[in-house]
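J.: Chain by chain, the residues:
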Amino acid sequence: MKKSALPDPFAAARLEKGIGHMNDQDDPVTMILRLKDLRKTAHNYKTFQSGATPGRIVVPSEVNIRDTRQIPFELDPPEHTAYRAAVEAWFRRPLEEDYTRALTGQIEALVNEVLQRDTVEVVSAFALPLQSRALTLLLNIPEAEAEIWISWGTHVFRSEGVALDGDKASILYDYIDEQIDRAIANPGEDLYSVLLASAVNGKPMTREEVRGVMILTFAGGRDTLINAITNSVAYFAEHPESLTRLRNEPEILNRAVEELVRYFAPLTHMGRVVTQDTEVCAHAVRADSRVSLCWASANRDAAVFDKADEIVLDRKLNPHVSFGFSHHNCLGATHARQLLRVLVATLAEKVASIDLLDHQDNIEDLDQFKRKVGFDSLTVRFHAR
Amino acid sequence: MANITFITTDGTSTTVSGNSGSVMELARDHSIEGILGNCGGVCSCATCHVHVAPEDVRKTGEASEIERDMLELDDNADEYSRLCCQIVVSDAIDGVVLRVAE
Ligand code: HEM
Numbered sequence: 001m002k003k004s005a006l007p008d009p010f011a012a013a014r015l016e017k018g019i020g021h022m023n024d025q026d027d028p029v030t031m032i033l034r035l036k037d038l039r040k041t042a043h044n045y046k047t048f049q050s051g052a053t054p055g056r057i058v059v060p061s062e063v064n065i066r067d068t069r070q071i072p073f074e075l076d077p078p079e080h081t082a083y084r085a086a087v088e089a090w091f092r093r094p095l096e097e098d099y100t101r102a103l104t105g106q107i108e109a110l111v112n113e114v115l116q117r118d119t120v121e122v123v124s125a126f127a128l129p130l131q132s133r134a135l136t137l138l139l140n141i142p143e144a145e146a147e148i149w150i151s152w153g154t155h156v157f158r159s160e161g162v163a164l165d166g167d168k169a170s171i172l173y174d175y176i177d178e179q180i181d182r183a184i185a186n187p188g189e190d191l192y193s194v195l196l197a198s199a200v201n202g203k204p205m206t207r208e209e210v211r212g213v214m215i216l217t218f219a220g221g222r223d224t225l226i227n228a229i230t231n232s233v234a235y236f237a238e239h240p241e242s243l244t245r246l247r248n249e250p251e252i253l254n255r256a257v258e259e260l261v262r263y264f265a266p267l268t269h270m271g272r273v274v275t276q277d278t279e280v281c282a283h284a285v286r287a288d289s290r291v292s293l294c295w296a297s298a299n300r301d302a303a304v305f306d307k308a309d310e311i312v313l314d315r316k317l318n319p320h321v322s323f324g325f326s327h328h329n330c331l332g333a334t335h336a337r338q339l340l341r342v343l344v345a346t347l348a349e350k351v352a353s354i355d356l357l358d359h360q361d362n363i364e365d366l367d368q369f370k371r372k373v374g375f376d377s378l379t380v381r382f383h384a385r
Numbered sequence: 001m002a003n004i005t006f007i008t009t010d011g012t013s014t015t016v017s018g019n020s021g022s023v024m025e026l027a028r029d030h031s032i033e034g035i036l037g038n039c040g041g042v043c044s045c046a047t048c049h050v051h052v053a054p055e056d057v058r059k060t061g062e063a064s065e066i067e068r069d070m071l072e073l074d075d076n077a078d079e080y081s082r083l084c085c086q087i088v089v090s091d092a093i094d095g096v097v098l099r100v101a102e
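Chains A and B supply the protein sequences, listed in that same order.
Using full-length UniProt numbering, the first residue of the first sequence is number 1, and each one after it goes up by one.
Using full-length UniProt numbering, the first residue of the second sequence is number 1, and each one after it goes up by one.
Extracted from the complex, chain A is given alone in its bound form:
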């Protein structure tokens, strides 16, 4: 098995039952494994709600470490619709030319830098700085601020061996509080200030709501992008022919990025709280229990995808759900897609090959399933063209 491969641990359960079971802090989760069932469940917000106790739809649950509701993530329509509408335009800025130009500048500089180095630990010295610097563009703040986020390390919410760590999370929450204070004292053109000045349903957003949007923006875009970037580097290390192909056929860039995102499914699953006794995939689920939408499993559903376990770089039809489905589909997807497109194009242009020297897998423990989601560390050597 290639080191860059992400095996599909859900295959048998998806085929046989369509669901899986996970116990998480005595609040069990029925995992939905097939694409069609997942779509139906994601769409049905009345029976499968996001607006439960803050932290409960996240698996592992964050109920014990967080009271702030993440917005728009932990709201259901119609509230969700109104908050989402208020921030949608801001999250589409990555399509603007200036934004893409700045992003390209950041990525080229970083790639040039790692090409000079003997060896590079990709998670901490490539993916984390790349993700952090790019986030300054999304927040519209000076790039230097990224150094603080980089210094936090990769595990803002996690520390070694412990899935959830309240102390680590409080570093982020305290930081966001300070930044909101700063934006109140000194409004600017940054996301904090824009949110503080915006209104939803005719009412100004409260400080707590702004906090909820910002926590989500930091948390939602961190591990996901770090996994996507690191897995991409591992893939190209083991598939130099794909770099050559992208160089010769730049028109497949978009398809290649969507396919990498499908295959990697950087976010494994996300929960919902069941509001009434019902069924998923012909299995009973009880009111006030949890289900999860398992994006990683649905993306390998052979009923929908040919050669589901292979990366088909120019896959034409690719209805993957790595960025979610329906109401809550990823608000950061425009940023993430733009970042990955620029990254893959830059690697194809500048890099001849990558030696994979050492690696430590990051394996999520989902009780019934163990899923490799990426790497805790990945040491490589980049060779310039």
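Keep in mind that a hint or two might mislead.
[Said to hold, decoys possible] Pairwise CB distance ranges (calculated):
| no. | chain 1 | residue 1 | chain 2 | residue 2 | range |
| --- | --- | --- | --- | --- | --- |
| 1 | B | R58 | A | R381 | 55 to 63 Å |
| 2 | B | E55 | A | D376 | 43 to 51 Å |
| 3 | B | D74 | A | A199 | 27 to 35 Å |
| 4 | A | A308 | B | S64 | 30 to 38 Å |
| 5 | A | N248 | B | L73 | 35 to 43 Å |
| 6 | B | D74 | A | A282 | 21 to 29 Å |
[Stated by the list, open to error] Counterexamples of contact, computed for chain B against chain A with all Cβ distances above 10 Å:
| no. | residue |
| --- | --- |
| 7 | S13 |
| 8 | V16 |
| 9 | A53 |
| 10 | V57 |
| 11 | R58 |
| 12 | K59 |
| 13 | E62 |
| 14 | D78 |
| 15 | D91 |
| 16 | I93 |
| 17 | R99 |
Calculated directly from the structure, the hints in this document are not laboratory data.
Using N, Cα and C, we set each Cβ at its ideal position, and we do this for glycine too.
For chain A, the structure is supplied; the task is to place chain B with the ligand on it using the hints.
T.: Quick look at chain B with the ligand alone, frame taken from chain A:
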């Protein structure tokens, strides 16, 4: 060369022409309101939903199973719905009228 007319939800009608790529790309290049094409045309985001005028369906063809599955849960979808990233621009679709769904 094909001329294609988009009618957006506010009733504005815009006719544009093209000869290659997908209808989604053509719409995006001309900033047609309501066609976002977030996924770039691989049928994964459903942000390029249009209703084909009934008399034009023979030109555009009908939605594939994957498109139909994507749109199945959308309250705005009907038998004339297409994800226009899956419609290829060519002479064969000259003159079609598409109502933008969102
Ligand atoms: C490859 C990277 C990413 C992946 C795979 C990913 C995945 C997802 C998924 C699956 C959802 C749906 C959650 C649900 O249905 O409950 C989601 C929602 C969300 N994501 Fe991402 N995400 C990524 C990057 C980002 C980035 C960079 C940001 C922002 C900085 C972000 C912000 C959000 C927000 C705000 C939501 C909630 C949207 C809503 O509730 O309406 N994501 N993401």
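J.: All hints are to be evaluated individually against the structure, with a verdict given for each.
T.: Hint check:
As the Cβ distance of B/R58 to A/R381 is approximately 57 Å, the hint placing it in 55 to 63 Å holds. Against the hinted window of 43 to 51 Å, the Cβ-Cβ separation of B/E55 and A/D376 comes to about 59 Å, which falls outside the hint. The given range of 27 to 35 Å is respected by B/D74 and A/A199, whose C-beta atoms sit roughly 29 Å from each other. The supplied range of 30 to 38 Å is broken by A/A308 and B/S64, whose beta-carbon atoms lie about 18 Å from each other.
About 39 Å separates the C-beta atoms of A/N248 and B/L73, a value consistent with the hinted range of 35 to 43 Å. The hint said 21 to 29 Å for the Cβ distance between B/D74 and A/A282, and at roughly 24 Å that hint holds. At roughly 24 Å from the closest C-beta of chain A, the C-beta of B/S13 stays outside 10 Å, upholding its exclusion from the interface. Annotated as non-interface, B/V16 keeps its C-beta farther than 10 Å from every C-beta of chain A; the closest such distance is 19 Å.
A cut-off of 10 Å between C-beta atoms confirms that B/A53 is not in contact with chain A; the least separation is 25 Å. Residue placement check: B/V57 keeps its beta carbon more than 10 Å from all beta carbons of chain A (closest about 20 Å). Look at B/R58: its CB is around 23 Å from the nearest CB on chain A, clear of 10 Å, so calling it non-interface holds up. With a closest Cβ-Cβ approach of about 21 Å to chain A, B/K59 is found to remain outside the 10 Å limit, as its non-interface label requires.
No Cβ of chain A comes within 10 Å of the Cβ of B/E62; the nearest lies about 15 Å off, and the non-interface call holds. Separation of B/D78 from chain A is adequate, the least Cβ-Cβ distance of about 17 Å exceeding the 10 Å criterion. No Cβ of chain A comes within 10 Å of the Cβ of B/D91; the nearest lies about 22 Å off, and the non-interface call holds. Once the 10 Å rule is applied to beta carbons, B/I93 is consistent with being away from chain A; the minimum gap is 19 Å.
With 10 Å as the threshold on Cβ separation, the claim that B/R99 sits away from chain A holds: the shortest Cβ distance comes to roughly 22 Å.
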